[in-house]
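Given the coordinates of chain A, work out where chain B should sit on it, guided by the hints.
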Amino acid sequence: MTLIDLANPTRFLSLTARVLPWLAGATAILLLIGLYQSAMAPDDYQQGATVKLMFIHVPNAWLSMFVWGVMSLAALGTLVWRHPLADVAAKAAAPIGAAFTFLALATGSLWGRPMWGTYWEWDARLTSVLILFLMYLGLIALWRAVEDPSRAARAAAILTLVGAINIPIIKFSVDWWNTLHQPASVMRMGGPSLDRAFLIPLLVMAIGFSLLFVTLHLAAMRNEILRRRVRALQMMQASRQAA
Amino acid sequence: MSLGPYASFIVTAYALVTAVVAILIAWIAIDYRRQKELLRELEASGVVRRSGRGAADIS
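Quick note, the sequences are listed as chains A and B, same order. By the count of my numbering, the first sequence reaches residue 243 at its end, each step adding exactly one. By the count of my numbering, the second sequence reaches residue 302 at its end, each step adding exactly one.
Extracted from the complex, chain A is given alone in its bound form:
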């Protein structure tokens, strides 16, 4: 099985039909283990039990950026290699990425109120993630506004690549500016600063949420392929009726 085999939508549908049940099962098992470990994790000496919010906030925040990264690769696939499934992948990922970004913002806000005394602060990290969320919504709106999928794909691919500039800004905002949001404590020079009691549940949840994304993304890609087949048949039907 090579990447070129996956370029065929029919082969992609057949392969994903076999893989998806296994992926869904692995996702459910990992998330259940992660939730159990999160529940059993000790309280933080400063934050108390609110540290449990980290186990859902951080994976969603990582995925909000990762999904845009996936969409940027897909955008290159559309513009450079013209891979037939590239814009299917990008279009299917956008609503899932928007949902993860919304959850990162909402859970961060619920964590911020008890820890910072406010739900929201216009600091560089929070503002740049809000911009990411708005960019996801903009892309979804663009795909809905342009009827022809190939024209929408090119415009969306350019917008995605331009928007990718925001990803390093989000990542390094806590280093470049003085922010209320804390600096990185896992992906940083010198290794994670978290204790194993928090790091292990966090990593399990992060892998679980990543598998959730892969599962949902493949399922959404299948839907998008079917939607395009429906559109092609509807156009065929309309041209027959007109003739």
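Honestly, the hints are just simulated from the structure, not real lab data. For every residue, glycine included, the Cβ atom is placed at its ideal position computed from N, Cα and C. A couple of the hints might just be wrong.
Stated by the list, open to error - Listed next, the stretches of chain A that the computed footprint assigns to chain B, with coverage defined by at least 3 CB atoms under 8 Å from CB atoms of chain B: (1) 43-50; (2) 89-103; (3) 106-112; (4) 144-150; (5) 213-221; (6) 228-236.
What the hints assert, rightly or not - Okay, the calculated beta carbon distance ranges per label pair: (7) B:R283 - A:A28: 28 to 36 Å; (8) A:M40 - B:A258: 18 to 26 Å; (9) B:A250 - A:Q237: 55 to 63 Å; (10) B:S288 - A:M40: 50 to 58 Å; (11) A:A184 - B:A287: 54 to 62 Å; (12) B:S251 - A:N8: 50 to 58 Å; (13) B:A265 - A:R144: 17 to 25 Å; (14) B:T261 - A:V186: 21 to 29 Å; (15) B:T255 - A:R144: 29 to 37 Å; (16) A:G25 - B:S251: 32 to 40 Å.
What follows is chain B alone, placed relative to chain A:
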């Protein structure tokens, strides 16, 4: 397991994540059924793909 004085924030956050993930799963599952149903309807009206493969061939 005691969640302390900020239990409402923790429970709300976990409930919100569960709800959004459930909505995503439901939306994708409903969309799949809808597309397959539309394909079946089109095929029933005599419109078929050049390959001859139909909605029933999609696993």
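Now for the hints, and whether the structure bears them out:
Check result for the region 43-50 of chain A against chain B: holds, 4 residues qualifying (beta carbon to beta carbon below 8 Å, three or more required). Only residues whose beta carbon comes within less than 8 Å of a beta carbon in chain B count, and the region 89-103 of chain A has 5; three or more means the coverage holds. Residues of the region 106-112 of chain A lying with their CB closer than 8 Å to a CB of chain B number 4, which satisfies the three-residue condition for coverage. Taking a C-beta to C-beta cut-off of 8 Å, the region 144-150 of chain A contributes 0 residues in contact with chain B, too few for the three needed, and the coverage statement is violated.
With 3 residues carrying a beta carbon less than 8 Å from a beta carbon of chain B, the region 213-221 of chain A meets the three-residue requirement, and the given coverage holds. Counting residues of the region 228-236 of chain A whose CB lies closer than 8 Å to any CB of chain B gives 6, so the stated coverage by that chain holds, three being the minimum. Checking the proposed 28 to 36 Å range against R283 (chain B) and A28 (chain A) shows it holds: the Cβ atoms sit about 30 Å from each other. The beta-carbon spacing between M40 (chain A) and A258 (chain B), approximately 19 Å, falls within the hinted interval of 18 to 26 Å.
Taken as a hint, the range 55 to 63 Å holds for the pair A250 (chain B) and Q237 (chain A), whose Cβ atoms sit roughly 57 Å apart. Restraint check, S288 (chain B) to M40 (chain A): a C-beta distance of roughly 57 Å satisfies the suggested window 50 to 58 Å. With their beta carbons about 56 Å apart, A184 (chain A) and A287 (chain B) fall inside the hinted range of 54 to 62 Å. For S251 (chain B) paired with N8 (chain A), a C-beta distance near 51 Å keeps the hint of 50 to 58 Å intact.
Separated by about 23 Å at the C-beta atoms, A265 (chain B) and R144 (chain A) satisfy the suggested range of 17 to 25 Å. A hinted range of 21 to 29 Å for the beta carbons of T261 (chain B) and V186 (chain A) is consistent with their spacing of about 24 Å. Roughly 31 Å separates the CB atoms of T255 (chain B) and R144 (chain A), a value that falls within the hinted 29 to 37 Å. For G25 (chain A) paired with S251 (chain B), a C-beta distance near 33 Å keeps the hint of 32 to 40 Å intact.
Violated hints amount to a single one, hint 4; each of the other numbered hints is respected by the structure.
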